[in-house]
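Under my numbering, think of the first position of the sequence shown as 143, with each following residue one higher.
Incorrect hints may have been included.
[As the list claims (entries may be wrong)] Listed below are the simulated DSSO-like cross-link pairs for lysine-lysine, each with C-alpha atoms no more than 30 Å apart in a straight line:
id	residue 1	residue 2
1	LYS355	LYS367
2	LYS214	LYS284
3	LYS384	LYS459
4	LYS379	LYS367
5	LYS214	LYS367
6	LYS297	LYS173
7	LYS297	LYS214
8	LYS419	LYS359
9	LYS284	LYS355
10	LYS284	LYS272
11	LYS419	LYS355
12	LYS459	LYS379
13	LYS355	LYS214
14	LYS173	LYS355
15	LYS359	LYS214
16	LYS419	LYS384
17	LYS367	LYS284
18	LYS214	LYS347
[Claimed, not checked] Computed Cβ-Cβ distance ranges for the label pairs, DEER-style:
id	residue 1	residue 2	range
19	ALA166	TYR423	15 to 25 Å
20	ALA463	ARG219	39 to 49 Å
21	THR206	LYS359	14 to 24 Å
Hints listed in this document are in silico derivations from the structure and should not be mistaken for laboratory results. Ideal placement from N, C-alpha and C gives every residue a C-beta, glycine not left out.
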Amino acid sequence: MNSSEMSAGNLSQTYRLAGEMFNALFAEIGKVIVGQQEYVEQMIIAMLCNGHALVESNPGLGKTLTISTIAKVMDLRFSRVQCTPDLMPADITGTNIIEEHGGVKSFKFQAGPIFANIVLADEINRASPKTQSAMLEAMQEKQITVANDTYLLDKPFFILATQNPIEMEGTFPLPEAQLDRFLLKILLDYPTFEQELSIVDRYTKMDTPQVRKIMNKSTLLDLQKLTTEVPISDQLKSRAVKIVLATRQNSEHIEYGASPRASIGLILTAKARALIKGRNYVSEEDIEAMAYPILRHRIGLSFESERRGITADQMIKGILAQVK
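Using the sequences and the hints given, assemble the complete structure.
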């Protein structure tokens, strides 16, 4: 589906075509990735909203394979950065190198791995705060600065950062202000018995599954624009804002609540989820489904809540039950 197809005909047909494209996209990704439907769906949603995602999971669950497969199916340039304490900002952004031609020396900018459409920042909490802040500029401004020169990043631009669960946390936890820059925090769990059996069957054979391209860069940019145009009722919009406000009012269990960025993100991701499902309207289900990945990293639990083993997701579930 291209721009002309999106603008032609009635809107309901446009949304139906978008839904069919996403069905084909998920089917193609499913040739390589077993299960993980919610994980894949939420990554696509973040991309449709021109945002970034933080994934928390144990090692070895196929995060790199999943995001690289998405890049192939969408015909996007992919790069991976393994974050370590000695990783420097220049290792990510790039640096100026000296070139000599005919006895004349000059500087030439050598681009780093940040110059891709999809960047996997693996174990971001092991990178130093200085390196994390360099990535923050790229995430927020869609540009990087090297030696007083500013370089714009290509569109679309998406960072998927990963970190291990709390008990395996690295030496430089992301501060609250930086966590808030991530549109979604996605939790990835172990596969079920049936899924793991399917993984074993698939990857103990000689032939590796191949995927074909379903869309390209231009189509994704068109879909990003279409996402913002998905209608949402005033009632659902009000409920989304009330849900976010409720995170700031429960002082007994919550140390600090979500910022207005969460309200924007909740409404926008609900629109993206509706688009993925082929609908031309946002439903209650969209709001409730996206509340968890939008809010779980923006809520600071009180000491008492942590002592009692209460999780952010449990708090969100309670808020959704109260705010109708």
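Against the structure, the hints come out as follows:
A C-alpha spacing of about 21 Å is found between LYS355 and LYS367, which places the hinted pair at or below 30 Å, so the restraint holds. Between the alpha carbons of LYS214 and LYS284 the distance comes to roughly 22 Å, so the proposed pair stays at or under 30 Å and holds. At roughly 14 Å between alpha-carbon atoms, LYS384 and LYS459 fall within 30 Å of each other, so this suggested pair holds. Restraint check for LYS379 and LYS367: the C-alpha separation of about 19 Å stays at or below 30 Å, so the hint holds.
Restraint check: the Cα-Cα separation between LYS214 and LYS367 comes to about 22 Å, which is no more than 30 Å; the hinted pair holds. Only pairs whose Cα atoms come within 30 Å are accepted, and LYS297 paired with LYS173 is accepted, the gap being roughly 27 Å. Between LYS297 and LYS214 the alpha-carbon distance is near 16 Å, which keeps this suggested pair within the 30 Å criterion. Simply put, LYS419 and LYS359 have alpha-carbon atoms about 21 Å apart, close enough for the 30 Å limit, and the pair holds.
Taking the CA atoms of LYS284 and LYS355, the gap is about 25 Å. The hint holds against a cut of 30 Å. Using a Cα cut-off of 30 Å, the hinted pair LYS284 and LYS272 holds, with the two alpha carbons roughly 18 Å apart. A C-alpha spacing of about 20 Å is found between LYS419 and LYS355, which places the hinted pair at or below 30 Å, so the restraint holds. Between LYS459 and LYS379 the alpha-carbon distance is near 18 Å, which keeps this suggested pair within the 30 Å criterion.
Proposed proximity of LYS355 and LYS214 is supported: the alpha carbons are some 7 Å apart, at most 30 Å. At most 30 Å may separate the alpha-carbon atoms for a hinted pair to count; LYS173 and LYS355 meet this at roughly 13 Å. Pair hint LYS359 plus LYS214 holds up; C-alpha atoms about 11 Å apart against a cutoff of 30 Å. Distance check on the hinted pair: LYS419 and LYS384 sit about 25 Å apart at the alpha-carbon level, within 30 Å; holds.
For the hint linking LYS367 to LYS284, the alpha-carbon distance of about 17 Å falls within 30 Å, and the restraint holds. Proposed proximity of LYS214 and LYS347 is supported: the alpha carbons are some 22 Å apart, at most 30 Å. Between ALA166 and TYR423 the beta carbon distance is about 22 Å. The supplied range of 15 to 25 Å therefore holds. The supplied range of 39 to 49 Å is met by ALA463 and ARG219, whose beta-carbon atoms lie about 43 Å from each other.
Between THR206 and LYS359 the Cβ separation comes to about 21 Å, which falls inside the hinted range of 14 to 24 Å.
Checked against the numbered hints listed earlier, the structure breaks none of them; every hint is satisfied.
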